[in-house]
Amino acid sequence: MPLHDYVTPHPYPGKLIIVEGIDGSGKSTQLDLLRKYLESEGHPVHFTEWNSSALVKDTTKKGKKQKSLTPTTFSILHCCDFAERLAYSIIPPLKGGMIVLADRYMYTAFARDVARGVSREWVRGMYSFAPKPDIAYYFQITPEVSVERILTGRPQLKYYEAGLDVMDTDDPVESFGLFQGAIVNEYDAMVDEFGLTVIDGTRPIYTQQQEMRAIMAEKLDDYLTRSVPPRRGSTARRRTPAKASTAKRPTAASTKAAK
Amino acid sequence: MPQRPPRWLGQGLSYAAIEHLPGRMIVLEGTDGVGRSTQIEMLSAWIESQGFGVVSTGWTRSALMGPTIDRAKSGHTLDARTFSLLYAADFADRLELQILPALRAGFVVVADRYVYTAFARDAVRGADPGWVRELFGFALEPDLVIYMDIDIDVLMPRILNGKGCTYWESGMDLKLADSIYDNCVEYQNRVLGEFRRMVDEFGFDVVNASGTRENTQRAIRRRVQKLLKEMAAERA
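Going down the list, the sequences are from chains A and B.
The first sequence maps to residues 50 to 308 in this note's numbering.
The second sequence maps to residues 28 to 263 in this note's numbering.
Be aware that a few hints might be false.
[Claimed, not checked] Only some residues are given here: those of chain A computed to face chain B with a beta carbon under 7 Å:
#, residue
1, Y61
2, G166
3, V196
[Said to hold, decoys possible] Listing some non-contacts, in silico: residues in chain A with all C-beta distances to chain B over 10 Å:
#, residue
4, P58
5, F96
6, D107
7, G112
8, A132
9, M175
These are computed hints drawn from the structure, not numbers from a lab.
For each residue, glycine too, the CB sits at the ideal point set by N, CA and C.
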């Protein structure tokens, strides 16, 4: 595969849906709602989250505690985590025909690591092995909204989270705002570069979720109608109450019909 | 002769300055069991005896990543790409926190293996050579790369008398042959092939490491001597 191939769709039968956005943009809430919806519709779903593999967790924690992470080691460590999860938690479910929901994807690295000072081209090259998502939602909010949302109910900003390692200030709140601003600039520039689907993250949760579902229903039309298998076959399914199983498919169909 | 201006191997670190690096970096490359550590020990002592400060650094030896890599290796579950990335994180940590500061302070940095090891191993594992070269593009180009070459027939007894045919040094993850020994021979042959292919690409100074350690050391010192003279002249 050539470098920087973000255009060719992945070859797997499953679907990859990812959410992106700065801290406080509401992406995790929305992905969680989408996950519950998909599960209630009977679709096989697998969830994976940025920076969650056991492999580098301790290392990242140690580096953060000692404040010894450089922009480059920070960036590569996150890619290690991603590569590990890709091999174990993303590719297998995609091959198995499942819907993979990823809370943050390579665009997080393209936005955050570049805001930290690594080169745009280098970090894109590093992630060039990543499959292109079928839908990449970008929850857009301003840095001001992010600061306001994050500071409510969080006593203290962490060193790297606030970007104190790279911003020209010692004040955590000021640094966080500047850092989020730099990240937003990178995200906004990626909307066209990678065809991100923008969701206005300042609207009500319900409204955003409806929009997400509508977009998904349109983009994954073929998959969603095929994904819920007929009820005969596996013993596991036979145990499901017949009422619940019949209730599912018409819902998927009516979502489609409503479009 | 004036010092060659420091250069990045690829894109470099956009936020790090390398204009003024009065030190020198010497890399010893070569496959497992070729005798690098013995040669580095002898070489470092000799450089110090000439009055130059030495800082040694080695593949996977960073404070940040060393333990993680050891743990990952003991598990045998990682795919090749994740391994490359672990090594890249290790190397970046040592480059920024150890190698560059030492070069700025005028030390001779002696590196046991460098990015070429990653290039060779990844090529054997079928990784995209463009990807791994770009990944390690933030590396500093060494002043001297000594590649210790060896015949497979001389190498195998050294491996067996050293650590033995261990899982990774035998390339067992590649499943090349039925027996560990045959797998090891095939794997090491391929690694040697990759190193030899890089001689011209990166301008390695090739030293034949098949002879006695004293002969090998003499050949290595001859190549290092020039750099030390240069450094002495700059400091005069």
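Exercise. With 10 Å as the threshold, tell me whether A/G112 passes as away from chain B on beta-carbon distances.
Key: violated (6 Å)
Quiz item: Non-interface claim for A/P58: all C-beta distances to chain B beyond 10 Å?
Solution: Its Cβ never comes within 10 Å of chain B, the nearest being 20 Å, so this holds.
Quiz item: Is the hint on A/G166 kept, meaning its closest Cβ partner in chain B is under 7 Å away?
Solution: Where the cut-off is 7 Å and the nearest Cβ of chain B is about 4 Å from A/G166, the hint holds.
Quiz item: Can the hint on A/V196 be confirmed by a CB-to-CB distance to chain B that is less than 7 Å?
Solution: violated (25 Å)
Self-check item: Given as non-interface: A/M175, partner chain B, CB spacing beyond 10 Å
Solution: violated (6 Å)
Practice problem: Please settle this one: A/F96 was flagged as non-interface, so is its CB more than 10 Å from every CB on chain B? | Solution: holds (20 Å)
Quiz item: Can we confirm that no CB of chain B comes within 10 Å of the CB of A/A132?
Solution: violated (4 Å)
Quiz item: Going by Cβ atoms only, is A/Y61 closer than 7 Å to chain B?
Solution: This hint is violated: A/Y61 lies away from chain B, its Cβ roughly 17 Å from the closest one there, beyond 7 Å.
Exercise. Test the statement that A/D107 is away from the interface with chain B: the closest C-beta pair must be farther apart than 10 Å.
Key: violated (7 Å)
Of the numbered hints listed earlier, those contradicted by the structure are 1, 3, 6, 7, 8, 9.
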